[in-house]
Each structure stands twice: as structure tokens, then as C-alpha cells.
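Asks: Sequence:
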Amino acid sequence: MENSKIERTHHTVNLWHGCVEVHEGCDNCYARVLNNRYHHENPHWGNKVPRLIIRKSFNDLLKFQKSAKDKGETHRVFVGSMMDIFEKSMPLVDGSGREIEGQDTGYLRDLLFQQITAGLYPNLLFLFLTKRPSNINKYIPDSWKSNAPANVMFGTSVVNQETANKMIPELLKVNGKRFLSCEPLLGEVNLSTWFEQCPKSKRIDGKGHSWLFDGDDPYVKCYYCGEYRDARTGRTIGDSFSLESPIHWVICGGESGHGARPMNPIWATNLRDQCFASGVPFFFKQWGEWVSEHHESVSHRDYQGAYQHSDAFVTYTEDKSDYYGQYMIKIGKKKAGNLLGGKEYKEFPII
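Heads up, the sequence shown is in the numbering used here, so the first residue is 1 and it goes up one at a time.
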């Protein structure tokens, strides 16, 4: 029994419906569109409106746990597609719009954390995705801050370099396993600053990686502690350390739905290559509505449809050059598929 159509998870659970936009990745939020479609008279999106309680959520979790246990498996549970678990506490209403006294979203969040701590869901791996990583340590139990449960992963949404520079340092303040959802990917993202953490000094400053080249030798050393590693393989030299990324999973995908923006293939392939080089599991979810004119799904008839030059959104600044001429064609999410370079990438972290 799997209740989610989201490819990276077995199940999705929402304790409530409702949120408010944080950054440009929220511009075409599918959850807001769905909520406004079915609750247009009492919307739950915004800073000053209550959230809609989903009463069946905890019963669903018990069902998910039983199903996973019966199969002898661990099932991933995404929390949540219609909410942000680390949003500030907000009032709750029921389906009729009546306020629920004595409870708010913070109460539901705490209840879930208590149940996880008590071991109610040993066969479920919770994926807590947030656009508010600075709130994680505010709201998790104190015991998690030093010893997060093994069946919990904390993630944040990154859509371009600006959001990466803002969100990832906050995520790294959280103890436990961490992941990035680079979806919708709206710009180039360089993760080397965080992937190239020295395993000895553990130094990451969000501005530059720890490693520096030592003359003409094919080795680099940590600026902080002097630890050496092979620049070609990433392996540390002469001791028992292993180079481990503080990011344990990366999900990548293009935007779908009304108003979807194109994702340059170079952004996706560069992200994949960074993950491969650092041994980080990479999951490519989808292209979204747009693909390159060279994509295997494009036919001659597609050229009669929507056609967009990429000058408006493809800019590379690392080498002070701009790369133009990437034409994108809107063929729809289903036809665009999820092949990157002709291959599926559905890697998962081993927990």
C-alpha cells in the first residue's frame, strides 16, 4: 500500500494543509493551487490565515508502519506535500472552517516527534523537507539535537545558488542525516563548498571549501588542519579518515504545472556529476514541462509548439562567461520523462 505519486517516497503525510511562500521556488506552488481550488472560500495560504487540520494523518502513519513491517521493509514518508513541518505554529480549523480550540500546528508537530521518539514507527523513514531550515533546531525535541533518530532525515529546498548559500549553512547546524531537494531547479548550483568537507577539521564556512592545492602535486590539504587528500580520488592520505559529505542525498527536478520555468540540462548534469564525484546519492525526479531541443522525447511536431530561447535564464558567472543558445521546448511533464543523458537516476541513501 503506497499512497504517494511522488517518485522519491512510498507515502506522503500531511498533518495540516497550508503554508506561506518563502522564496522564488514557491512562485508556482502546486500545493497552494490545489488548496485554493478546493478551499477557495476559506484558503489556508498566507501569514494570517489558519491551517486546515488533517485528522486522519496519524491513523495513516500507523497503517504505513504496519504495511512496511509486514513486508519486512523500510518505507520513506514525505512530510509533507501540503505543509511545512517547521513553519511557525499557526491556528487550526476543521473542514467547516471552525477553529479548533486548544490545538495549533505546533501541537501536531510535537505529537509526531513524540511518537517517533517513542519508537512507534521503526519501519518508516521520515523525510522532513522545509524551506525554513533555521527553524529546525527551534522545534525538534532537545534529545534530537545531539542524537537524532535513525529514521529521520532533514532536508531543505534549494533552487539556485542564492538559496543554496542561504539554506544549506542553516541545515548543517542540525544534527542527523540531511538531504537537498533541488526542485524546481531554476539556476546553476555548485555544492562543492559543502561536499568537500574535511573529515578531520569538519570546517565549512559557506564561503569556500576547506581544501587547497599544495604546489604542483596532485594533492590538496585542508586549510584548517593540514590534512591531505588525493585531488583525483577524494581519498585522504595516510590515515583512517574517509571523506564524508555532510549532505547525504540530493534530489533534482524541473518545474511542472502552469507557469513552469525551464531547467537548463547543464544545471542538472553538473549537479549529478558533483554528487558522483563526492559519493552522494543522486535522484533525478523529472524534467518538468520543458526539455532541450536535443532531448530524445522531442519530435518534429513539437517544434510547432511553445519554443523558448534560454538567454533569459541561463547565466554562468564562475568563469565570467555567459552561455547562450540553449533552446528549450515545452512538451509536458509526462512526455519529458525522467531520463538524464538517456538514463534513470533513482539513488537513495542507505540509512
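Hints listed in this document are in silico derivations from the structure and should not be mistaken for laboratory results.
Any given hint might turn out to be false.
Said to hold, decoys possible - Calculated lysine-lysine pairs in the DSS-like style (CA-CA distance at most 30 Å, straight line):
#, residue 1, residue 2
1, Lys333, Lys343
2, Lys56, Lys66
3, Lys343, Lys330
4, Lys138, Lys330
5, Lys145, Lys63
6, Lys330, Lys69
7, Lys330, Lys63
8, Lys346, Lys330
9, Lys88, Lys71
10, Lys88, Lys166
11, Lys56, Lys166
12, Lys48, Lys88
13, Lys69, Lys88
14, Lys346, Lys333
15, Lys138, Lys166
16, Lys66, Lys333
17, Lys48, Lys66
18, Lys138, Lys71
Asks: Now tell me if each hint is right for this structure.
Replies: These are the hints, each one checked on the structure:
no. : hint              : verdict
1   : Lys333 <-> Lys343 : holds, 17 Å
2   : Lys56 <-> Lys66   : holds, 16 Å
3   : Lys343 <-> Lys330 : holds, 20 Å
4   : Lys138 <-> Lys330 : violated, 42 Å
5   : Lys145 <-> Lys63  : holds, 28 Å
6   : Lys330 <-> Lys69  : violated, 42 Å
7   : Lys330 <-> Lys63  : violated, 40 Å
8   : Lys346 <-> Lys330 : holds, 24 Å
9   : Lys88 <-> Lys71   : violated, 36 Å
10  : Lys88 <-> Lys166  : holds, 19 Å
11  : Lys56 <-> Lys166  : violated, 35 Å
12  : Lys48 <-> Lys88   : holds, 12 Å
13  : Lys69 <-> Lys88   : violated, 33 Å
14  : Lys346 <-> Lys333 : holds, 17 Å
15  : Lys138 <-> Lys166 : holds, 18 Å
16  : Lys66 <-> Lys333  : violated, 33 Å
17  : Lys48 <-> Lys66   : violated, 38 Å
18  : Lys138 <-> Lys71  : violated, 36 Å
In summary, the numbered hints that this structure violates are 4, 6, 7, 9, 11, 13, 16, 17, 18.
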